[in-house]
Amino acid sequence: MRNVGIVGIGYTPVFVSKRKDVNISEMISEAVEAAFSNTGLGPKDIDAVVFGNMHTFEGVNLPHLWAADYIASLGKPLMRIATGGTTGMSAFHAGYYHIASGLHDVVMVVTYEKQSEGDSQVGLMGIITPEVMAMIAAGIDVTGGSGMGAIGGGSAGGISFQASSYLHHSGAGIEHIDEQAALERRNAAKNPYAHLKDPDATAEKVAQTPLVSWPIRFGHICPTSDGATVAILASEKAAARITEKAAWVHAVANCASDATTANLIESQITDPAEHLPAIIASRQAYERAGIADPKKEIDYVEIYNGFAHQALMYLEKIGMCEVGEAHKLQEAGELEMSGRMPVNASGGVVSTNAIGTSAMNRVTECALQILGQAGEHQVEKDVHKAVAHGWGGMMQYVTITVLGDKPKKD
Amino acid sequence: MGAPEETYFTPVVPMDFTYNYRVGPYITRYLDGFKDKKILGSRCPGCGLVAVPPRKYCGVCNKVMEEMVEVGQEGTLENFTVGHVTIEKGRLAPAEAPYVLGLVKLEEATSALLARVGGIAPSEVRTGMKVKAVWKDEAAGDYDDLDHFEPV
Ligand SMILES: [Zn+2]
Chain A
1 MRNVGIVGIG
11 YTPVFVSKRK
21 DVNISEMISE
31 AVEAAFSNTG
41 LGPKDIDAVV
51 FGNMHTFEGV
61 NLPHLWAADY
71 IASLGKPLMR
81 IATGGTTGMS
91 AFHAGYYHIA
101 SGLHDVVMVV
111 TYEKQSEGDS
121 QVGLMGIITP
131 EVMAMIAAGI
141 DVTGGSGMGA
151 IGGGSAGGIS
161 FQASSYLHHS
171 GAGIEHIDEQ
181 AALERRNAAK
191 NPYAHLKDPD
201 ATAEKVAQTP
211 LVSWPIRFGH
221 ICPTSDGATV
231 AILASEKAAA
241 RITEKAAWVH
251 AVANCASDAT
261 TANLIESQIT
271 DPAEHLPAII
281 ASRQAYERAG
291 IADPKKEIDY
301 VEIYNGFAHQ
311 ALMYLEKIGM
321 CEVGEAHKLQ
331 EAGELEMSGR
341 MPVNASGGVV
351 STNAIGTSAM
361 NRVTECALQI
371 LGQAGEHQVE
381 KDVHKAVAHG
391 WGGMMQYVTI
401 TVLGDKPKKD
Chain B
1 MGAPEETYFT
11 PVVPMDFTYN
21 YRVGPYITRY
31 LDGFKDKKIL
41 GSRCPGCGLV
51 AVPPRKYCGV
61 CNKVMEEMVE
71 VGQEGTLENF
81 TVGHVTIEKG
91 RLAPAEAPYV
101 LGLVKLEEAT
111 SALLARVGGI
121 APSEVRTGMK
131 VKAVWKDEAA
141 GDYDDLDHFE
151 PV
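If you read the sequences in order, they're chains A and B.
The opening position of the first sequence corresponds to residue 1 in the working numbering, with each subsequent residue numbered one higher.
The opening position of the second sequence corresponds to residue 1 in the working numbering, with each subsequent residue numbered one higher.
Warning: the hint list may mix true and false statements.
Stated by the list, open to error - Not everything, but these chain A residues come out facing chain B in the computed CB check (under 8 Å): (1) Val16; (2) Ser17; (3) Lys20; (4) Trp66; (5) Asp69; (6) Ser160; (7) Phe161; (8) Ser164; (9) Ser165; (10) Ala207; (11) Thr209; (12) Pro210; (13) Val212; (14) Gln268; (15) Thr270.
Claimed, not checked - Just so you have them, the derived chain A footprint on chain B, three or more residues with Cβ under 8 Å: (16) 49-58; (17) 74-83.
Worth flagging that the hints you see were computed from the coordinates, not collected in a lab.
We put the CB at the ideal spot given by N, CA and C, even for glycine.
Just need the whole structure built from these sequences, with the hints factored in.
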């Protein structure tokens with residue numbers, strides 16, 4: 001397989017709850033223009049385009065074809081990827097495959113979500129219909145409001161079982177979830193592309209937000225955002241023509257577990273926080289990347305945490321610390337931008353969630369840290385290797401990408 | 001070029017979407033069991049896991065689970081959450097009172113069943129509690145025959 005580097009990144013100028021001033025294709029084009037302007041490339045330099053966003057979310061089922069000319073894809077190979085919350089990273093992986101295989105040299109990956117345009121509940125229905133079926137199968141009265149509480153807000157309800165199990169097994173308390181939300185909203189205040197920013201966020205302030213489904217409070221939950229992200233990937237030879245410094249893909253991996261609502265009503269798993277896919281995919285990725293001890297060799301982590309506790313939980317799952325250790329690292333300040341294991345300096349998904357971009361942004365944010373281009377939210381330590389985690393599917397699907405500052409050696 | 005802030009279309013689609021989900025033979029058997037207030041699961045011939053509700057495939061070893069078994073009415077509360085909101089047609093509203101939803105591992109079962117937990121104050125609920133099934137008086141083979149679980 002050939003090495004693949006990230007040679008350009010483009011974001012929409014802002015990620016906010018409602019982009020009222022532009023339509024979907026226009027908003028996407030802003031990120032494409034930003035990627036072109038950052039690299040000096042243009043449509044003629046792109047061999048193929050991969051596109052990703054959530055199924056049905058804007059009521060547009062084939063947005064990649066609708067926006068085809070806005071994403072410089074006319075006359076080129078074009079495909080759309082949709083895997084749920086992980087979509088952005090799955091699209092990135094597809095772009096990687098295009099080049100690693102030798103088929104193409106320069107590929108543009110376009111991801112977006114404009115959640116304000118449609119009804120996310122309707123969009124989620126396309127995903128949670130099977131979840132509702134699983135609940136019916138589990139004997140829950142889905143017509144009653146409390147039954148729906150288990151999947152309230154799409155995944156907040158189901159996620160509360162996960163958070164409950166995480167607290168039970170790790171020894172962490174709800175106050176650690178409060179602090180993680182506060183930490184990331186403080187980080188978000190330093191990221192111009194973040195949505196919910198609060199430079200003065202504290203665990204105490206988060207703790208004042210109402211409970212949705214214990215132990216999840218409103219303050220632990222991601223917003224719905226409008227925004228787009230583009231990454232341009234290139235082979236080693238093409239990258240040398242385009243840029244002096246790229247962030248290089250050292251490994252990609254993904255894994256799913258049981259399709260039945262994923263660790264909520266999963267027929268054969270009793271622990272909703274077990275999340276074997278994260279353990280399996282991260283181990284595979286480290287092996288492919290030649291990483292023996294991620295704790296020592298990985299400098300920076302971006303975790304997909306639609307809910308604040310997931311940053312802590314997944315640090316443990318992907319081997320960045322021992323089980324029950326993440327909240328202690330948080331207490332010691334190690335997860336901060338100045339810490340020894342900085343996580344989500346971007347503010348994470350808990351601060352910004354234009355879903356199609358969310359797993360992609362974990363990768364691009366790792367790339368910016370490696371390239372030293374993260375600006376105000378650049379972490380203090382040098383970043384040579386970073387790991388990006390995506391979470392989604394029907395809550396049971398995980399994607400992993402390992403990046404490095406040099407092309408991977410065979 | 002600036003656009004007016006709030007120019008949008010709101011198409012009203014003159015259609016009514018209805019899903020008709022066929023539950024298949026496994027859930028049909030499960031609901032038949034409800035008529036006699038029995039809880040059925042399926043056992044894997046490969047690894048012996050017992051899934052409740054019953055299902056065709058064992059995800060662990062990918063074998064067809066042909067054997068139906070009755071499991072106990074009592075079990076352990078593996079996990080729970082306390083709901084503070086309800087959701088109706090996509091809109092969140094405060095719940096009348098906090099309610100408990102749990103994952104219950106029944107005796108002889110190796111999987112957890114999602115169920116309401118009642119007969120106890122939410123603040124008293126603990127992981128690891130022993131709970132038992134509470135049925136509606138008249139069981140008709142419907143999902144809601146198995147009403148909730150309460151502490152033993
Ligand atoms: Zn089996």
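Hint check results:
no.	hint	in the structure
1	Val16	violated (13 Å)
2	Ser17	violated (14 Å)
3	Lys20	holds (5 Å)
4	Trp66	violated (15 Å)
5	Asp69	violated (18 Å)
6	Ser160	holds (4 Å)
7	Phe161	holds (5 Å)
8	Ser164	holds (6 Å)
9	Ser165	holds (5 Å)
10	Ala207	violated (14 Å)
11	Thr209	violated (11 Å)
12	Pro210	holds (7 Å)
13	Val212	holds (6 Å)
14	Gln268	holds (5 Å)
15	Thr270	holds (4 Å)
16	49-58	holds (count 6)
17	74-83	holds (count 6)
Hints 1, 2, 4, 5, 10 and 11 from the list above are not met by this structure, while the remaining hints are.
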